[in-house]
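Enquirer: All chains, please: the whole structure from these sequences, using the hints.
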Amino acid sequence: MTYQRVSAAILQELRKICGEENVFVDPEKMEAYSHDETPAQDYGHMPEVVTTPTTTSSVAEILKLANREMIPVTPRGAGSGLSGGAIPVYGGIVLSVEKMNRIIEVDYDNMMLVVEPGVVTNDINDLVGERGLFFAGYPMSLETCFVGGNIAENAGGGKAVKYGVTGQYITGMELVTPTGEVIELGGKIIKDVSGYDLKKLIIGSEGTLGIVTKSTIRLTPKPKEKTVLLVLFADIEGAISMVPKIMTGAGIIPTSIEFMDQLSVHTSCKYLNEQLPYQDAGSMLLIEVDGSTRERVDEDAEVIGEMCFDGGALEVYVADNYTTQERVWSVRRNIAEAFKVYSPEQSLEDIVVPVNAIVELMRRVNEISEKYKIQMPSYGHAGDGNLHTTLVKPPEWSHEEWRKIEEQILRELYREVRRLGGKLSGEHGIGSKRKTFFQDFINESELMLIKKIKSAFDPKGIMNPGKIVD
Amino acid sequence: MKIIVPIKQVPETGNVKMDTETGTIIRDGSESIINPLDLYAIETAIELKEKHGGSVTAISMGPPAAEKALREAVAMGCDEAVLITDRKFAGSDTWATSYTLSAAIKKIGPFDFIVAGERATDGDTGQVGPNLAAALNLPMATFIRTIDVVKEASAIQVERLVEEGYEQLELPLPALVTVVKEIAYPRLPTLRGKQRAKKMELLRWGADDLDLDVTKIGLKGSPTRVVKIVSPRVTREGSRVEVKNEETLEKAVEELLTFLNERGFLAEHKRLTEGEKGA
Numbered sequence: 001m002t003y004q005r006v007s008a009a010i011l012q013e014l015r016k017i018c019g020e021e022n023v024f025v026d027p028e029k030m031e032a033y034s035h036d037e038t039p040a041q042d043y044g045h046m047p048e049v050v051t052t053p054t055t056t057s058s059v060a061e062i063l064k065l066a067n068r069e070m071i072p073v074t075p076r077g078a079g080s081g082l083s084g085g086a087i088p089v090y091g092g093i094v095l096s097v098e099k100m101n102r103i104i105e106v107d108y109d110n111m112m113l114v115v116e117p118g119v120v121t122n123d124i125n126d127l128v129g130e131r132g133l134f135f136a137g138y139p140m141s142l143e144t145c146f147v148g149g150n151i152a153e154n155a156g157g158g159k160a161v162k163y164g165v166t167g168q169y170i171t172g173m174e175l176v177t178p179t180g181e182v183i184e185l186g187g188k189i190i191k192d193v194s195g196y197d198l199k200k201l202i203i204g205s206e207g208t209l210g211i212v213t214k215s216t217i218r219l220t221p222k223p224k225e226k227t228v229l230l231v232l233f234a235d236i237e238g239a240i241s242m243v244p245k246i247m248t249g250a251g252i253i254p255t256s257i258e259f260m261d262q263l264s265v266h267t268s269c270k271y272l273n274e275q276l277p278y279q280d281a282g283s284m285l286l287i288e289v290d291g292s293t294r295e296r297v298d299e300d301a302e303v304i305g306e307m308c309f310d311g312g313a314l315e316v317y318v319a320d321n322y323t324t325q326e327r328v329w330s331v332r333r334n335i336a337e338a339f340k341v342y343s344p345e346q347s348l349e350d351i352v353v354p355v356n357a358i359v360e361l362m363r364r365v366n367e368i369s370e371k372y373k374i375q376m377p378s379y380g381h382a383g384d385g386n387l388h389t390t391l392v393k394p395p396e397w398s399h400e401e402w403r404k405i406e407e408q409i410l411r412e413l414y415r416e417v418r419r420l421g422g423k424l425s426g427e428h429g430i431g432s433k434r435k436t437f438f439q440d441f442i443n444e445s446e447l448m449l450i451k452k453i454k455s456a457f458d459p460k461g462i463m464n465p466g467k468i469v470d
Numbered sequence: 001m002k003i004i005v006p007i008k009q010v011p012e013t014g015n016v017k018m019d020t021e022t023g024t025i026i027r028d029g030s031e032s033i034i035n036p037l038d039l040y041a042i043e044t045a046i047e048l049k050e051k052h053g054g055s056v057t058a059i060s061m062g063p064p065a066a067e068k069a070l071r072e073a074v075a076m077g078c079d080e081a082v083l084i085t086d087r088k089f090a091g092s093d094t095w096a097t098s099y100t101l102s103a104a105i106k107k108i109g110p111f112d113f114i115v116a117g118e119r120a121t122d123g124d125t126g127q128v129g130p131n132l133a134a135a136l137n138l139p140m141a142t143f144i145r146t147i148d149v150v151k152e153a154s155a156i157q158v159e160r161l162v163e164e165g166y167e168q169l170e171l172p173l174p175a176l177v178t179v180v181k182e183i184a185y186p187r188l189p190t191l192r193g194k195q196r197a198k199k200m201e202l203l204r205w206g207a208d209d210l211d212l213d214v215t216k217i218g219l220k221g222s223p224t225r226v227v228k229i230v231s232p233r234v235t236r237e238g239s240r241v242e243v244k245n246e247e248t249l250e251k252a253v254e255e256l257l258t259f260l261n262e263r264g265f266l267a268e269h270k271r272l273t274e275g276e277k278g279a
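Going down the list, the sequences are from chains B and Y. In terms of this note's numbering, the first sequence has 144 at position 144, counting the first letter as 1, and numbering is strictly consecutive. In terms of this note's numbering, the second sequence has 233 at position 233, counting the first letter as 1, and numbering is strictly consecutive.
Because the hints were derived from the structure by calculation, they are not lab data. We put the beta carbon where it would ideally sit given N, CA and C, even for glycine. There's no promise every hint is true.
[To be verified] Here are a few chain Y residues that sit away from chain B, every Cβ distance over 12 Å (derived from the structure):
1) M1
2) G54
3) R87
4) G91
5) W95
6) Q127
7) E201
8) D209
9) P232
10) E242
11) T248
12) N261
[Said to hold, decoys possible] No more than 25 Å apart at the CA atoms, straight line, and that leaves these computed lysine-lysine pairs for PhoX-like:
13) B:K224 <-> Y:K68
14) Y:K107 <-> Y:K199
15) B:K64 <-> B:K460
16) Y:K244 <-> B:K29
17) Y:K181 <-> B:K270
18) B:K16 <-> Y:K244
19) Y:K198 <-> B:K224
Expert: This is the structure:
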C-alpha cells in the first residue's frame, strides 16, 4: 500500500475539522504518541500529525479525508497497549480519543452506561461503585487505560476467570467505519441475533475496522465481600499443577487465579520496596474469591486453601481486608512495570493455552529458557490459561544479537503453544509486534477470510494499517 | 517472654470517602481493620516470641466489633486475645483509655514487655502508648526501630529514631516501647491462623471485671473534650506559570527562573545566548 504524506493543505483541512487546538505537529509533543508500552526503539514510529477530535462527526470527517487522500489513520487510546496496536507504523494521522472522555448516560434502570472511548476505565467503577455496581471486564491497567482501548483489544485482566473479558460487557456501540460512515451496532440489549454480530467483530479488532465513538456497557452487581489467598509452593510445577485442579475440583469459580514465579515476585517486591516475608518460595498463586456474604466467601477460601495444602502448598496466607489485599495485588500488578525498569530490553508475551495444558506449557517454557540460557520469568492469569512469559535480554548480549535470538525463541515458544491448542495472544493483541508470527501460525484459509473482512470494511487500507495482517 | 500488644480497630482509610463539609470519615460501608501502625507492633512481638520463646497477648479496648481486629492479630500469630468492652467505657479519651488498659493489663498478670504502635491512624495522637507506661509505672521508649533482648532477658537495647539520627537506649524489663514502620514487615495471617482465630475463645472484660476507679473511665473520666473538628487551612499560596503557546513559553521560563533565583534555589544561573542554544 502506498500512502500519501500529510501535506500543509491536509493539515489545514484537519484544523478546520477539529479546531486549531486539536491538531499538532511539534515533534516533542508527538513523541508521546509514537509508542505504547512495547519497547519504543524496536516498535515505535513517529506520526506526521496528531489529532484529538472531540465529536463523532469530526472523527468521520477525518476518516473521509484520509480515504480521499490515502493517509493512514492510527486510532489511539491511553497508549498502554502491549502489542504496538496504537503505533502509527506508516506515519500519517494519529487519532487520539483522549478528548472524547464524557460519560454520556448512566441508566441504572437497565444497569447500563453509555460512554465515549476516552473515559478512563477505573472512572466508571468509581462512578457506579456507590450504587454497588461495577464494570467487570476491565484489565490490570484500569487506572490509566481507556474504554476505547479495552474494546479495541478486547482486554482481559485479573478477574476474567469468573467475569470474562471486556467484550462480554459491551452491548452496543457507535462506530465510525474506515470510510467515514457512522453506524449503530447492538444497543441496551442483552440478546441480539438480528444479523451478524458485527459488534463482536469490532471488539478485539485492534482499531483496524473503525473507531468506536460511543459504547454501551453492561454493569454487574459488585460482590460485597472478597478474600485473597496467597499460596506458596516449593517450585513452579507445584503451583501450576494446582490451577486445573482448583478450576475443575473446587466446585467454586474463583475471581482470579494468578501465577507468579520466584523471579517475578522478587523483581516486583524490589521495585515496590515491599517485603513479602516469604520470597524464597519457588512460586506463588494469588487466588481471589468473592461473594455476597463474609461467611460464604470465607468458606470458599477455606475449601480452596485446603485443596492447596493437599496439593503440597508450603503456606496459605489470607487477605480478607482491603489493606492486605492491596498489598498482595500490588505485587502482582507491578510485575510488568518492574521488569521494564530492571530489564528494559525484553519481550512481554501473552500466550494462552487450554487450562489443563498450562502445566505442560510451563515445562516447555523452562526447557526453552535453559536451552537459550536466558531468563524467562512467567506470571499471569493462570486460571484462564493465559501467561505473561517474558523474555529478558541477558546484559552481555548486543541489541542485534538479542533481536535475532528473540525471534528464534518466540517461534519456538509459539510452536509449543500451538501444539498445545493455544494461541499467540490472550488479551494483548497481535498489533504490529506479533504480526509476522501471527501470519505464519494461522491457517491460510482463515488468513484469507480475515483479509477479506478487512478490505470489506476498509477498501483503501487506511485504517490502522500494519496491524494484525498486512 | 510474655509480650503484650495493645491494638486498636480503625476504619480502613485506603478506600473511604471524606465528608468535605464536616471533615469526618463517611463510615457507612467502610471496613474496620487493625490500625495499620499496630501491625508493626504485632509483627515485632511475634518475631521476638519466635526468637526467644514465650507468648504474645493482644489486647484491645473498643466496641464488641473490635473482636475482628483481635482475631486478625491471633491469625497473624498472637497466642491470646483480650477484649475490653463495656458501654461504660464509651467516650474515653486517651487518658481514660490508658487507665482502663492498665487495669486490664494488671489483671492479665506478670509480663516482660509491652509493644505498641506509634499512633492510631484515626485519632493520630500517639498518646496511649506513653500514657499506658505512665499508668503502669514502666520505663518507656517511643519511636523504636530495633530491639535486642539482652542480659538474660532482663533488659532490652533499642534504637530510638530522633530527628537527626537515632539514640541507643537500654531499658530494664518490664518496659513499654512504641515502634515505627522501619522495625519489621508485618506478615499476613495464614489460613491455619485464621482457622485457629475463628475457634478461639476471646477473653471479654467489662468495667465490673476490672479493678477500676469508676470516676476515671468513659466520657466522665476523660479530662479532654473534642470541642470542634476543623480541617487545617492551607495558608500557602501557589503561583501558576502557564504556557499557552510558543511565545509564552520563553516568558514562562523566565518567570520560573526569576522565582527560583529570588529564593536562592539555583546555584549560578546564566542566561543562554542565542548562539549557545543551538549547541
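Enquirer: Under the criterion that the straight-line Cα-Cα distance not exceed 25 Å, is the pair K244 of chain Y, K29 of chain B satisfied?
Expert: The given pair, whose Cα atoms are some 14 Å apart, holds under the 25 Å limit.
Enquirer: Over 12 Å from every CB of chain B: does D209 of chain Y meet that, or does the non-interface label fail?
Expert: The claim stands: D209 of chain Y keeps its Cβ more than 12 Å from every Cβ of chain B (closest is about 29 Å).
Enquirer: Would you say R87 of chain Y is clear of chain B, with no C-beta pair closer than or equal to 12 Å?
Expert: holds, 26 Å
Enquirer: Mind verifying the non-interface call on Q127 of chain Y? Its CB should be farther than 12 Å from each CB in chain B.
Expert: holds, 24 Å
Enquirer: Compute the least Cβ-Cβ separation between G91 of chain Y and chain B, then decide whether it is above 12 Å.
Expert: Given a closest Cβ separation of 27 Å, the condition holds.
Enquirer: Run the distance test for K16 of chain B versus K244 of chain Y: straight-line Cα separation, threshold 25 Å.
Expert: Roughly 20 Å separates the two Cα atoms, so the pair holds.
Enquirer: Within a Cα-Cα threshold of 25 Å, do K224 of chain B and K68 of chain Y meet the stated pairing?
Expert: With Cα atoms ~17 Å apart, K224 of chain B and K68 of chain Y stay inside 25 Å; holds.
Enquirer: Hinted pair, alpha-carbon criterion (25 Å max): K198 of chain Y, K224 of chain B. Please report holds or violated.
Expert: It holds: about 21 Å lies between the C-alpha atoms, which stays within 25 Å.
Enquirer: Looking at G54 of chain Y again, its CB stays over 12 Å from all of chain B?
Expert: Per Cβ check, G54 of chain Y is outside 12 Å of chain B; nearest 20 Å; holds.
Enquirer: Taking C-beta pairs only, is N261 of chain Y more than 12 Å away from all of chain B?
Expert: Non-interface label stands for N261 of chain Y: nearest chain B Cβ at 26 Å, farther than 12 Å.
Enquirer: Assess, step by step, whether the Cα of K107 of chain Y is no farther than 25 Å from the Cα of K199 of chain Y, and give holds or violated.
Expert: Cα-Cα ~24 Å, so holds.
Enquirer: Hinted pair, alpha-carbon criterion (25 Å max): K181 of chain Y, K270 of chain B. Please report holds or violated.
Expert: holds, 17 Å
Checked against the numbered hints given earlier, this structure breaks none of them.
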